[in-house]
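For chain Z, the structure is supplied; the task is to place chains B and R on it using the hints.
The primary structure of each chain is shown beneath.
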Amino acid sequence: MNKRLNLLVFSGEYDKALAALILANGAREMGMEVTIFFAFWGLLVIRKEGYEEDIHETLYQKAFKSMTPKCAEDLNISNMNFLGAGQKMLKHMMKESGKPMLKDFLDGARHKNVKFYACKLSQEVMGFSEEELIDEAITMEVYDYLKDALESDIQLFI
Amino acid sequence: MNKRLNLLVFSGEYDKALAALILANGAREMGMEVTIFFAFWGLLVIRKEGYEEDIHETLYQKAFKSMTPKCAEDLNISNMNFLGAGQKMLKHMMKESGKPMLKDFLDGARHKNVKFYACKLSQEVMGFSEEELIDEAITMEVYDYLKDALESDIQLFI
Amino acid sequence: MNKRLNLLVFSGEYDKALAALILANGAREMGMEVTIFFAFWGLLVIRKEGYEEDIHETLYQKAFKSMTPKCAEDLNISNMNFLGAGQKMLKHMMKESGKPMLKDFLDGARHKNVKFYACKLSQEVMGFSEEELIDEAITMEVYDYLKDALESDIQLFI
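Chains as they are written, first to last, in the working numbering: chain Z, 1 to 158; chain B, 1 to 158; chain R, 1 to 158.
So that you can see chain Z by itself, here it is in the shape it has in the complex (with noise of 0.2 Å):
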């Protein structure tokens, strides 16, 4: 299929990224085109894991950085999170279902060959360097982005 599906992740919480990633996922498997562009709490969603902190960092990068999640399976629920308990609860549902954890959605695209951009601003405000994400991301500018959303056949803000 000729098609291609544009998604920028904006928000940085398990569900959302969830359903980020199960539509990247879907996609892919329809023989659809995929490009995810992470900005603002979104670059929390392909963060690697056991990175260690870059020393020119800012003291408030450095704080930032350490009061948020340090990988996709610690992100926080958008709704009812009670501090982490709402995302357990979550999580427990859908194991219970049998259905794959965040993780595994973010390494079914990773293998499926889905294309992952990190925006530029938002690294350069946030302190994250490439190297502090997941490898398959490549920093893009937003013209970058609007670029491949004009050439896309469904355009989502999530």
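The hints are simulated quantities; they were obtained by calculation from the structure and are not laboratory data. Do not rely on the hints blindly, as some may be mistaken.
Identical chains share a label here; the pair holds if one copy fits it or two copies do between them.
What the hints assert, rightly or not - List of simulated lysine to aspartate or glutamate pairs, EDC-like, C-alpha gap at most 20 Å:
| # | residue 1 | residue 2 |
| --- | --- | --- |
| 1 | K65 | E49 |
| 2 | K3 | E151 |
| 3 | K91 | D144 |
| 4 | K147 | E131 |
| 5 | K112 | E29 |
| 6 | K3 | D107 |
| 7 | K95 | E124 |
| 8 | K88 | D74 |
| 9 | K62 | E29 |
| 10 | K99 | E130 |
The following block gives chains B and R in isolation, referenced to the frame of chain Z:
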């Protein structure tokens, strides 16, 4: 008009559901075809009022259902909810300016033959059978959503 | 470039408004036509600074207006707001990395002839007259939004 609007309603909040249903009603009045795919929290928007709880659900699903709004009019708002006070205030302001309630826009969409799709994966995780949702809702998979979205002129993620 | 971007800004948060206006500025720089339809909380993004409150508003509308941010720079952020500390932290990080503020991107969009539409229904509910919004904002209905969206190449709900 031979045009189509496709909405993915992920949010289960009063104000966002209102936005989605105002768009859906407006588009139908203009002669457009409209499909709404309800996923995750969005399922709460189309919960059938007064439905008795299912005995096949797990403990977590039972807890989840008892903690979440029972019908569209009970949904919280996404900002300034203040344990429900904000939602009541919004409803007051809507009434004072002569606007219909969410329930009315939902009924309008049902009467105007908007297509209601309910996400299969979300139903399985949350334990919602098709009988617990409004009669118009048909269980669909992410592939069905993508096919419909590909044939639409406007696609929004709400 | 004969292409169009259409944004429906429903959110009234600093970070989401920033995303919308960065997209709008970027698209104009690439020669695209840009329309932004501000609805619900989105009206708070284009509130005119220092405007005196209207005497025709109801008690609820008066309360609502006094409880909500008075201009774009006062908006909260959608995550980790911590009663405003998170927003201040974000602004610090933006300044440290040499980025313009939301106000600058808003002014940029105004100078670059982005079309500003304000949702009529939302204005009536919240009690915002056209005079209380930035001069560029024109009151429009949901039908106008849909017509513009149908003629656009990218449509996003933010």
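Hints, one by one, checked against the model:
In this assembly of identical chains, K65 and E49 lie within 20 Å of each other by CA distance solely inside one copy; the values are 13 Å within and 34 Å between copies. Both within a single protomer and between protomers do K3 and E151 lie at most 20 Å apart by alpha-carbon distance, with minima of 9 Å and 11 Å respectively. Taking the closest pair of Cα atoms, K91 and D144 never come within 20 Å of each other, the shortest separation being 35 Å inside a single copy and 25 Å across copies. When the C-alpha separation of K147 and E131 is checked against a cutoff of 20 Å, the pair qualifies neither within a copy, at 25 Å, nor between copies, at 36 Å.
For the identical chains of this complex, K112 and E29 are intra-copy neighbours only, at 8 Å inside a copy versus 33 Å across copies, given an alpha-carbon limit of 20 Å. Proximity of K3 to D107 under the C-alpha cut-off of 20 Å is found in neither arrangement, the shortest distances being 22 Å within a copy and 35 Å between copies. In the homo-oligomer, the alpha carbons of K95 and E124 lie at most 20 Å apart only across protomers (11 Å), although the nearest pairing inside one protomer, at 37 Å, exceeds that limit. With identical chains, the CA atoms of K88 and D74 are at most 20 Å apart within one copy only, with a shortest distance of 10 Å there and 25 Å across copies.
For a Cα distance limit of 20 Å, the shortest separation of K62 from E29 qualifies neither inside one copy, at 39 Å, nor across copies, at 33 Å. For a Cα distance limit of 20 Å, the shortest separation of K99 from E130 across copies, 19 Å, qualifies, whereas the shortest one inside one copy, 31 Å, does not.
Violated hints for the displayed structure, listed by number in ascending order: 3, 4, 6, 9.
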